[in-house]
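**Q** Chain by chain, the residues run as shown.
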Amino acid sequence: MTRSWRGVDRAALVVATLLGVLVVAGPFLAPDAPTASVGRPFAAPSWAHPLGLDSVGRDVLSRVLAGGWRLVLLTGAALVVAGAIGVTAGLVAGLHRRLDGWVMRPVDVLVVLPWFLVMATVATVLGRGAPAVLVAALLAAVPWITKVVRTSAQDAAGAGYVEAAQARGEPFHRVAFVEVLPNLRAVVLADLGMRITATVAIVTSGSFLGLGLPPPTPDWALMVSENRQGLAVQPWAVLAPALLIMLLVVCVNLLADRVELARTPRVPRTERPTAAPDVAVATGALSVRRLGVAAVDGRVLLDGVGLDLAAGECVAVIGPSGAGKTTLARALLGQVPPGFGRTGTVAVTRPAGAVGTRLLGYVPQDPATGLNPALRIGTQLLEVLRAHGVRDRVGAAQAVVRALTAVGLPGDRMFLRRYPHELSGGQQQRVLIASAVLLDPAVVVLDEPTTGLDDRTTAELRAVLRRLRHAGTALVVVTHDLPAMTDLVDRVLEVRDGRARLVQVPDAPARPSRRRPVVRAGRAPLLRVTALTAGYGTDPLLRDVSFELAAGECLALMGRSGTGKSTLARCLVGLHPLRTGQVVLDGRPLAPRATRRSVADRRAVQFVVQNPRRSLNPSRTVAHELARPLRLLRGSDRAAVGRESAELLAAVGLHAELLTRRPAELSGGQLQRVAIARALAAHPQVLVCDEITSSLDPDVQATVLELLDRLRRQRDLAVLFISHDSGAVARVADRVLRLSDGQLEPEPEPIGGPASSR
Amino acid sequence: MIRYLLRRLGGAALVVVLVAVVAFVLFELLPGDAAEDLLSRSGAGVPSPEQLAALRAELGLDRPAVERFGDWASGLLQGDLGTSLLSRRPVSEILLPRVGNTVALAVVTVALLMPVSLGLGLWAGSRPGSRVDRAVSTVVLAVQAVPPFVAGVLLIAVVALGWGLLPAVSLVPTGTSVFARPQVLVLPVLCLMAGLAPHPVRVIRARMAQVMTTEYVTTARLNGVSHRRVVLRHAAPNAVAAALQPMAGAVVGLVGGIAVIETVFAYPGLAQELLRAIADRDHPVVQAAVVLMASFGVLVYLAADLLALWLTPGARDLVVDGVSR
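Here the protein sequences come in this chain order: A and B. Be aware that the first sequence starts at 1, since it is given in the UniProt record's numbering, and climbs by one per residue. Be aware that the second sequence starts at 1, since it is given in the UniProt record's numbering, and climbs by one per residue.
Derived from the structure by calculation, the hints contain no laboratory data. Every residue, glycine too, gets a C-beta built ideally from N, C-alpha and C. Wrong hints could be hidden among the right ones.
Unchecked claim - Okay, derived cross-link-like pairs now, SDA-like style, lysine to any residue, Cα gap no bigger than 20 Å in a straight line: (1) A:K147 - A:D100; (2) A:K147 - B:H199; (3) A:K147 - A:V80; (4) A:K147 - A:V135; (5) A:K147 - B:A241; (6) A:K147 - A:T88; (7) A:K147 - A:L110; (8) A:K147 - B:A206; (9) A:K147 - A:L189; (10) A:K147 - A:H96; (11) A:K147 - A:L99; (12) A:K147 - B:L302.
What the hints assert, rightly or not - Beyond 10 Å from chain B on every Cβ pair, some chain A residues (computed): (13) V15; (14) D32; (15) L291; (16) A406; (17) L416; (18) D481; (19) D601; (20) R634; (21) E647; (22) H655; (23) A664; (24) G668.
What the hints assert, rightly or not - Rough simulated footprint, nothing fancy, chain B against chain A, three-plus residues with beta-carbon under 8 Å: (25) 102-114; (26) 125-131; (27) 218-232; (28) 238-245.
Input sequences plus hints: build the corresponding full structure.
**A** This is the structure:
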C-alpha cells in the first residue's frame, strides 16, 4: 500500500466521523422546525437560511440536519436484521446437507428477482412508508449474505476441527456458532461494503421514488425528489442532501473496502534468462553464479548459490519446507516473489548442433492447477511454441506430437482436443512435462514432480525423466522425496536457510528398517468391521470391506488416492453413513452416526486428520481445543480440565505454555501433535489416523511417528494408520491392508514374518 | 444437454408462476376489494351494500379466488394483462405505448455496459496492485457508492444547468422515436452505467487478479509466454465466465435503475405509469408488471448461466453428465 492510499483512508475516516456527529446531533441543532414554512418557496441562501428554502418554503439547513438519522437507522436496521437472518440461514445450509435445498431454493428465487419488483409488491400491499422500504431492503440483502456464508461454511465443514466437533457429538448450534462462525469474519466483512452500498441505494431510491417515508418527513432522499423542479433556481435544496448521501456512502465504502484490498496478492514480474556465450563452459548446460534473491529492505531468501550442470546431468534440490527450494527453482527461470530482486547470473548454454532456441522449461508442482482449465491440451502446447516464435503450423503440429510421444502420451487429434479435467493426474503431469520439453530446451526445472503421485505413476515419471536425460536435457528436480529419485540423480544440492551446498548422493533408496510387531497372538479383536459398503450418490465407493483390529495393534491401510481410504475412516468415527455392514467395538455394534452414539462409544474411537492447518480451529486457542473433549466426553470440571490439558501436551512432547496459542502461532508438527493430544483427551481405545504425516517435513514426520508408536505401547491403543507413504507404514505398522477400487485386496503375509498372527 | 436445458427452463417457469401466485395472494389479502375501491374513488360517499354487490357481480369478484386466478393466468398467457382498477382501461393499453422508450434506454445501456465493464475489469485485474489497478478500483468504488438518482441530479446540475451542454430533462414527444434526438439519452445512460457497471467491474477485476496468481498462469509465463498473450489468451477466458453472473445481476438491476432514472430525467417510459399504479394501489397493473419483471430477471440469469457453462469446459461436462446419467 502506498502512502497516498493510506491518506485517502484517513480522510474517509475523518469525514465519516463528522457525518456521524451531524446525523446524531443534527436534530438538536436545527435552527428552525424542519416541517415549518418560514418564507417564500425556493428563496436563495441568506444569513438566516444559509442553504436557502425549499419547494414549500422550509429551511433547507434544518431539514438536512434533522433528516439524516432516519436513513442511517433504516439502513442499519436492515443490515443488522439481514445479517442475522442471512448468517443463520447460510450456516444451516452450509453445514446441514439435508436442509441445504430447503434454504437455497427460496434464496435462488429471490436472487433473480429485481429489487424493484419486491419493493413494488410490498409498497402496494403495505402502502408507502418505512416498513415497505425496510422489507424490500431486507429481501434484497438476505439472499446474498446467505450465499456468501453458505459457501464458506461448506468449505469449513470439511475441516478437521468441524469434523472433530461433530465426531465428539457437539450439538449443531455449537458447531455452527462456536466453531464455524468466528472463522467467517473475514468473508462477512469483505461482503459488508457491497451490502451497505446496495442497502443505502435501495432505501434512498425507495424514498426518492415516493415509496418510502411520506412527506413532510425530513429525509435526504425525499428532499432531493421534492426540490428537483427548483434545481435551476435554488440548487442547494437538492445538492445539499444529495452530496451528504454521496459522502456518507463513499466514506463507509472506502473504509469497508480496506479489508478486501489489503488481501489482494501482487503478480510477480518475470525477467528472461540471458543466453551465455558458448565459450562460458564448453560442456555445461547450466551455469549459476552467486545467485541471490533479496528484498530492498534486506530480507534474504536465497544467497550465493552456485551450480554447474552438464548436458544430460540431473541435480536434485532438497531441504526442509520453507528453506527456499521453490524460490531457487523459480529464480533460475527469472521469477522472484513480489518485492524481491535477483542478483548473480544464470547462464544457459545450448549444446552445439541443437535446433531450437529455447533455453529453459518449467514443470510446476501440482499438475491439477498447472494446466489452464479453459484451454485444450493442443492449444496449451501450441501457445508455448508460439511464445518462442514458431509460426509454421505444420512444423508446430509435428513438434507437439513429438513432445507428447516423448512422454508416452498419444498425439492424435482426439487427445489434443481434450481439456485438462478430462485427463488423469499422471497424464496431466506428462502434458506439463511435454510443454516444458517442446523445442528441446537445454535445461528443464521440475518442482516436486512426485508429490501426490502413487507408486505406479512415480515409476512412469521416472522412466520419462530418464529418457529426457539420455536425450541430453539437463534436469533440476526440486524434491522432498529423494529416495524416489536416487537412481536418476547425479548430484544433490541441499538448501537450508537460503544457502545451498552440494551433498553426498545416497547410495541406495534409504528405506527405514522394518520393526517387529508387538501384537501377541490370540488376542480378541477390539474393533471388527464387517461387510461395510458406503459411498456418495448412487455409486458405492467402498464395497464389502471387512477387517479386524486388536488392542495395541497398528494396522496400516494403503491405496491410491480416491479409493475410499478417508471415507472408511469417516465411517468408523460416525461422520459418514454406512449403506450396509456393521462396525462392532468390544462386541457392541456402533451407531452409524456420531450423534446417535453413546458418550462411551464416542470416546472410544478418535480421529486425527491429514492437514494440520485445518485440523485445529484457527480462531480458538489450544486450551479451548483440548477443553471441549475433556468436558463433553469425560465430564471433567474446570480444575481438572486445566491439569489434564497440561498433561496431554506433555504426553505428546509439547510444553504447557502452548495452551494460550492459536494455530497460526504453531508449526505444522506442533499442530499435528495438538490434534493427537485432542484425540487422546477422550481416553480412546481406537485411534484413526488419516494421512497424518503426509503434509509434514521428513524430520517432523519421524517425531510424529515415534510419538504414535510410543503412545500405542503405553496406552494399549489400537491404531488404524491410513497412508500412501510406504516408508512411514513400514515404521509403525504391524499389518498392512491394501484398498483398491473400494475393495480390500486379500491380505498378504504379515510384515513381521510368520510368527505373528493378527 | 437437451434434458438439462428443459429442466432449467422448467425451473425458470416455476419461479415465474410462484411469483405470480405470491403477488396474487398478497393483493388478495389487502383490505377491501376492487369494487369498494372503485366506488369510494368515484367520490360518491360510502357505497351501499347493494351497489357493492352489483359491481362485484359485474367484475366477477363474487367468484372464488382460485377461479379468478385461473382466469387471470390464462388471460396472461394469451397476452391479456388485465384491466386497470382506476381507469378501467386494459393494462396493456396503458403500458404498451411507453415500452418502446424504456426498451431503447435499456438496450443502449446494456450494449455499452458489457464491453466497458469487461474491459475495465480485465485491465485492472491483469496487474493487481499496479497504478492502473488502484486508479480503476478507487474510482469504481466511489462511483458504486453513489445512488443513481444522486448521480443523476448532480449531472443535471453540472452538465445540463452549469455548462448547458445536454438537456436537463429527456422529453420525447409522443409519436416520435428517441433516436430522433439521441442527446436526450446521454445523461440517463451515463447514470445507469455509473450505477450498474461498478459491481461487475470489481468482480471481474478480483477474479482476474486471482487467475493471474494461479499455477497455470505462472507456468505459462515461466515457459516464455508474453504478458499480453498471458492476459488475453490464458487468463481472460478463465475470468470471463465468473463475470457473467454479476453482469446478469447488473442487467436485472436495470429494472429498478430505469425506474429511478426515468423519474430523474422525466423520461416517458414505463416507470411513471408503474409508480402511479403503486401509489394508487392499482393492483392489476402492479401484478402484471411484477410478472413481467420476474420473467425478465429469470430469463437474464438463465441466459448467463448457460453462457457461463458454455465457457467453462469442466463445469459443462459435470452438469451435462450429471443429468444425462
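**Q** It remains to establish, for every hint, whether it holds in the given structure.
**A** Verification of the supplied hints:
no.	hint	verdict
1	A:K147 - A:D100	holds (11 Å)
2	A:K147 - B:H199	holds (17 Å)
3	A:K147 - A:V80	holds (17 Å)
4	A:K147 - A:V135	holds (19 Å)
5	A:K147 - B:A241	holds (18 Å)
6	A:K147 - A:T88	holds (11 Å)
7	A:K147 - A:L110	holds (11 Å)
8	A:K147 - B:A206	holds (18 Å)
9	A:K147 - A:L189	holds (14 Å)
10	A:K147 - A:H96	holds (14 Å)
11	A:K147 - A:L99	holds (14 Å)
12	A:K147 - B:L302	holds (18 Å)
13	V15	holds (12 Å)
14	D32	holds (24 Å)
15	L291	holds (16 Å)
16	A406	holds (16 Å)
17	L416	holds (14 Å)
18	D481	holds (20 Å)
19	D601	holds (37 Å)
20	R634	holds (45 Å)
21	E647	holds (44 Å)
22	H655	holds (37 Å)
23	A664	holds (21 Å)
24	G668	holds (21 Å)
25	102-114	holds (count 5)
26	125-131	holds (count 3)
27	218-232	holds (count 6)
28	238-245	holds (count 5)
In summary, this structure violates none of the numbered hints.
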